[in-house]
Amino acid sequence: MRMLALICLMLATPVFAQGSGPTPALANRQLPDPAQEAEATKLMHSLRCIQCQGQSIADSDAHMAGTMRAEVRQQIAAGQKPEAIRGWMIARYGEWVSFEPDMKGAGLLLWLTPLLVLIAGIWLARGLFRRGA
Amino acid sequence: MNRPWLLWIPLAVVAFIGGLAIYGLAVPKDEQVHSAMIGQKLPAFSLPAAAAGVEGLASGDMVDGKPRLLNIFASWCLPCKAEAPYLDALKKAGVEIDAIAIRDRPEDVAAFLSEFGNPFRRIGSDSEMAVQLKLGSSGVPETYVIGGDGTILYQHIGDIRAEHVPMLIEKVNAAK
Numbered sequence: 001m002r003m004l005a006l007i008c009l010m011l012a013t014p015v016f017a018q019g020s021g022p023t024p025a026l027a028n029r030q031l032p033d034p035a036q037e038a039e040a041t042k043l044m045h046s047l048r049c050i051q052c053q054g055q056s057i058a059d060s061d062a063h064m065a066g067t068m069r070a071e072v073r074q075q076i077a078a079g080q081k082p083e084a085i086r087g088w089m090i091a092r093y094g095e096w097v098s099f100e101p102d103m104k105g106a107g108l109l110l111w112l113t114p115l116l117v118l119i120a121g122i123w124l125a126r127g128l129f130r131r132g133a
Numbered sequence: 001m002n003r004p005w006l007l008w009i010p011l012a013v014v015a016f017i018g019g020l021a022i023y024g025l026a027v028p029k030d031e032q033v034h035s036a037m038i039g040q041k042l043p044a045f046s047l048p049a050a051a052a053g054v055e056g057l058a059s060g061d062m063v064d065g066k067p068r069l070l071n072i073f074a075s076w077c078l079p080c081k082a083e084a085p086y087l088d089a090l091k092k093a094g095v096e097i098d099a100i101a102i103r104d105r106p107e108d109v110a111a112f113l114s115e116f117g118n119p120f121r122r123i124g125s126d127s128e129m130a131v132q133l134k135l136g137s138s139g140v141p142e143t144y145v146i147g148g149d150g151t152i153l154y155q156h157i158g159d160i161r162a163e164h165v166p167m168l169i170e171k172v173n174a175a176k
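Chains A and B, in that order, give the protein sequences.
Under this note's numbering, the first residue of the first sequence carries the number 1, and numbering increases by one thereafter.
Under this note's numbering, the first residue of the second sequence carries the number 1, and numbering increases by one thereafter.
There may be inaccurate statements among the hints.
Claimed, not checked - Pairs of lysine-lysine, DSS-like flavour, derived with a Cα cap of 25 angstroms:
1. B:41 with B:176
2. B:81 with B:176
3. A:81 with A:42
4. B:66 with B:91
5. B:41 with A:81
6. B:134 with B:41
7. A:42 with A:104
8. B:171 with B:134
9. A:81 with B:134
10. A:104 with B:29
11. B:29 with B:91
12. A:42 with B:134
I should point out that these hints are in silico values taken from the structure, not numbers from a laboratory.
All chains should be built: construct the whole structure from the sequences, respecting the hints.
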């Protein structure tokens, strides 16, 4: 049995599911202008990787994240504003790609809920204090 | 206690949260990232040939008045091998198919085509996934229905299976 397991382990080959294309130059190389690089990095931390879904493209090693970082740096270097680049990504992948939900529709509810809960809490507490008095 | 109905508020809140939890468990999560490019024109691109003996693919090649499929695949992708017979069936049904190979080498694409057949009119090589990003595509394989005027009409995520073949033929015919 142990022998069989050992043979199975030896037969297993890692899956090369990543392909063999080159990594875009700007995926892992910083922009020469530190101010632009800072702008790009800030944006990269708030864009979601398409492939790994839970991580930002700044944190992910996935190839798709590398392509997205290169796209962000290219557009920043070309003088594009970060919010316009976020819009560019959203136009392709939907709101899903952004870690900062828009202040409209369901996004607005998301932003306002803490405020509404706080108001409801104050209202409930006020009633309690008045009764105690 | 002059307002007894207030007692029910905590229960209502807990019931609401419990309901959300049950809903979240019961409804399967859609893990797919859909392209937001449906209904829009193909982005401009021009890709070199993915292997010797095939033609490269530019966005302009798909704007000739004829609707077709655009298959995003890779030689290293297992489901792409699984869908090969169905792409073949689509071609036999008269559907024109163009393709983009993602992160691939010419020799690997050539080996893939010789093993699984070549149902494609043209195959562009997107080695850095830049065109994939422009298309709002999130992985391989994916298949788009492209209208004769270059409009992206439909996105099929994942491998094409037997049951998807008639649906895709119908979508291409409907675009004529």
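Status of each hint after checking the structure:
no.: 1; hint: B:41 with B:176; verdict: holds, 16 angstroms
no.: 2; hint: B:81 with B:176; verdict: violated, 29 angstroms
no.: 3; hint: A:81 with A:42; verdict: holds, 12 angstroms
no.: 4; hint: B:66 with B:91; verdict: holds, 14 angstroms
no.: 5; hint: B:41 with A:81; verdict: holds, 24 angstroms
no.: 6; hint: B:134 with B:41; verdict: holds, 11 angstroms
no.: 7; hint: A:42 with A:104; verdict: holds, 23 angstroms
no.: 8; hint: B:171 with B:134; verdict: holds, 23 angstroms
no.: 9; hint: A:81 with B:134; verdict: holds, 18 angstroms
no.: 10; hint: A:104 with B:29; verdict: holds, 23 angstroms
no.: 11; hint: B:29 with B:91; verdict: violated, 33 angstroms
no.: 12; hint: A:42 with B:134; verdict: holds, 22 angstroms
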